[in-house]
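Engineer: In case you want the letters, here they are:
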Amino acid sequence: MRKFGFTAGLVASVALMSATASAQSVKVGVMLTLSGPAAVLGQHARDGFNLGIKHLGGKLGGLNADVVIVDDELKPDVGVQKVQALLERDKVDVIVGVIFSNVMMAISKPVFDAQIPIISPNAGPSPLAGKGCSPWFFSTAWQNDQNHEAMGKAAQDAGYKKVVLIAPNYQAGKDAMAGFKRQYKGEVVDEIFNQVNQLDFSAELARIASLKPEAVFAFEPGGMGVNLVKQYSQAGLAGKIPFLSAFTVDETTLPATQDAGVGLMSGAQWAPNLDNAVNKKFVADYEKQYGHVPALYAAQGYDAALLLDAAIKAAGGKVSDKTALRDALKKTTFTSTTGKAFKLNNNGFPIQDVYSVKAVKRADGKYATEIVAKVLTDYKDAYAADCPLK
Amino acid sequence: MSTTLFVVQLLNGLQLGVLLFLIAAGLTLVFGVMDFINLGHGVQYMLGAYLAVTFYALTGNFAYTLLLALPSALALGLLVEVLIFRHLYDRDHLDQVLATFGIILFVNEGVKIVWGAAPLNVPIPALFSGSIEIMPGLLYPVWRLAIIGSGLAVAVLLWAIVSHTRIGMRIRAGAVNAPMVGALGVDVKTLFTCVFGFGAMLAGFAGIMVAPILSVEPGMGDSVLILAFVVIVIGGIGSIRGAFVGALIVGLVDTLGRSFATDIFRLFLTASAARQVGPAFASMLIYLLMAVILFVRPAGLFPAKGR
Chain A
1 MRKFGFTAGL VASVALMSAT ASAQSVKVGV MLTLSGPAAV LGQHARDGFN
51 LGIKHLGGKL GGLNADVVIV DDELKPDVGV QKVQALLERD KVDVIVGVIF
101 SNVMMAISKP VFDAQIPIIS PNAGPSPLAG KGCSPWFFST AWQNDQNHEA
151 MGKAAQDAGY KKVVLIAPNY QAGKDAMAGF KRQYKGEVVD EIFNQVNQLD
201 FSAELARIAS LKPEAVFAFE PGGMGVNLVK QYSQAGLAGK IPFLSAFTVD
251 ETTLPATQDA GVGLMSGAQW APNLDNAVNK KFVADYEKQY GHVPALYAAQ
301 GYDAALLLDA AIKAAGGKVS DKTALRDALK KTTFTSTTGK AFKLNNNGFP
351 IQDVYSVKAV KRADGKYATE IVAKVLTDYK DAYAADCPLK
Chain B
1 MSTTLFVVQL LNGLQLGVLL FLIAAGLTLV FGVMDFINLG HGVQYMLGAY
51 LAVTFYALTG NFAYTLLLAL PSALALGLLV EVLIFRHLYD RDHLDQVLAT
101 FGIILFVNEG VKIVWGAAPL NVPIPALFSG SIEIMPGLLY PVWRLAIIGS
151 GLAVAVLLWA IVSHTRIGMR IRAGAVNAPM VGALGVDVKT LFTCVFGFGA
201 MLAGFAGIMV APILSVEPGM GDSVLILAFV VIVIGGIGSI RGAFVGALIV
251 GLVDTLGRSF ATDIFRLFLT ASAARQVGPA FASMLIYLLM AVILFVRPAG
301 LFPAKGR
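Residue numbers (the numbering used here), protein chains in the order written: chain A, 1 to 390; chain B, 1 to 307.
Bear in mind the hints are in silico, worked out from the structure with no lab data behind them. Some hints here could point you the wrong way.
[Unchecked claim] What the simulated footprint calls covered on chain A by chain B, stretch by stretch (three residues with Cβ under 8 angstroms from a Cβ of chain B suffice, anywhere in the stretch; the number is not a length):
#, segment
1, 27-39
2, 204-218
3, 225-233
4, 249-255
Bear in mind that the values here come from a model prediction, so they are computed numbers and not experimental data. All residues carry an ideal CB built from backbone N, CA and C; glycine is no exception.
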């Protein structure tokens, strides 16, 4: 009898504890690419997100943040498996992910069907911005074409008459060239497609030199970018032909390219030297905690934490009502690392300024990107008109 | 398209060929002499590059880096051989593929744990940091000429060892009929270990030489490994001469294909169609070449006899 009473009491107290605990916490499933050659992007996003939660005192919107981090390994099938585990086994309230668009396209259906909000700290494929848009999708980054369009506009504004484009031969590479050409009205002398994971660009660089363009636009993510930038400098082209790029020259590749990357231009919605209070605090604490300069992926992860915090506060802490949370995510605003009030378009993508940035060597010897000029103001992506949402 | 551009692309193709030879030479020796498919050869190349990064950070001098990294690459290769490969020589090729593929996964992750996931850098040594202007507006780094030179030197060295020394004779015999060589009283086990260690060192040397011009990152050996296999299949397994000729052919065909395929297609297609087809065709070209060569000469161009 005593044993029964004791056991019953134990069970009741545990039940009470977990009931109160779940009422006071929000479960976030974070899915990023944390292995393979592209892991550094996922690591920046994860570290930025964790720093955001730390700055918010371990709470999101006043609730305890219960974060589960999983690795999609840059494989769409692994991503689908793991997101289903997050949805069904871990019963997360919201998902933050992913880095790569192919994984995003694969997991979008299970997540939208489960009616759980997903905040993308990076991937912004055009189908999800246009006809395939969903009220459950939110981005603290950009639509994939935006940074390419910014470089196209920068090339147009700078008056370059002849440009050569170079990108890897896969969908993202073709989208990059299409985005650039949407804003650039001059002559594209050649479009060079290199192989994915190509190591040696000497043949492509010889071709570029022979065509004598006024500028080069490159989209070469990851190791391809490091190789191209190093070899571009070694071939003596860095000082002669202006180098415009997107996702090629940033704080994840600058530690490897070092001086070869200095002076090269990029399109981005953020740079570490953006002068506002939120960003200054973010960059200073990030460098202190992690020892390297944050890239835009880290800022996007940080903003995802800030967005969740603001939305949960606006929804009154009731994360079990997913529709209320979703509406709060859409309408709420906060001051992001860009220094401006965060605003989403009808398709869940941000309306923001895009800048041209330049890689520099800082006084402390580290390499970073710095703002040069604003190229696109309060820019809405090109696919939003196709999205039926209001 | 001008003659100058064509000559420049020939030079680029030659350099890629020499680099592939450095990697394929070790691979063909191991496959030919020991009948052992070593998919882990690509990670040995990657480890050479990472060792170069570490030793350069320690010493700041490329010559010391080379002197320290080469024996380290050799030591790591021998370690893997003693721990794992030695037990696989008698096994089926499929078992060897599985085991060495596991090594690729293991080392790629291990490298990420030790050195981090971000790409790393080794600067070009000061002595070779100049460039020559081979085309108006295009500089060719002297270091790439150094790579070509070192590749040719290694080719000559290997030819000298294989044709004019006792151990070379035993290696050639082992490539033809290893059990017979063992029956004739040669210590086949030590021979195998020597060959494997030397092959690992060659791969590591290739990694050290390319570290200044390429990105040092996890997985950098994987794409190179596939090209190396194409080279040894075209050249003939077990033959150094085959590896050399095969590497030059693959390097030239791949580079010239990438450079001029789109232009050639533009002669009879519209510009936008040519831009779609050209790069896709160029990436298939070496595999088409391999298929054609295998159709005509199933054992490769210079097979070790008796296979």
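Engineer: Now tell me, hint by hint, if it's right for this structure.
Structural biologist: Hints versus structure:
{"no.": "1", "hint": "27-39", "result": "holds (count 4)"}
{"no.": "2", "hint": "204-218", "result": "holds (count 7)"}
{"no.": "3", "hint": "225-233", "result": "holds (count 4)"}
{"no.": "4", "hint": "249-255", "result": "holds (count 3)"}
Consistency note: the structure conflicts with none of the earlier hints.
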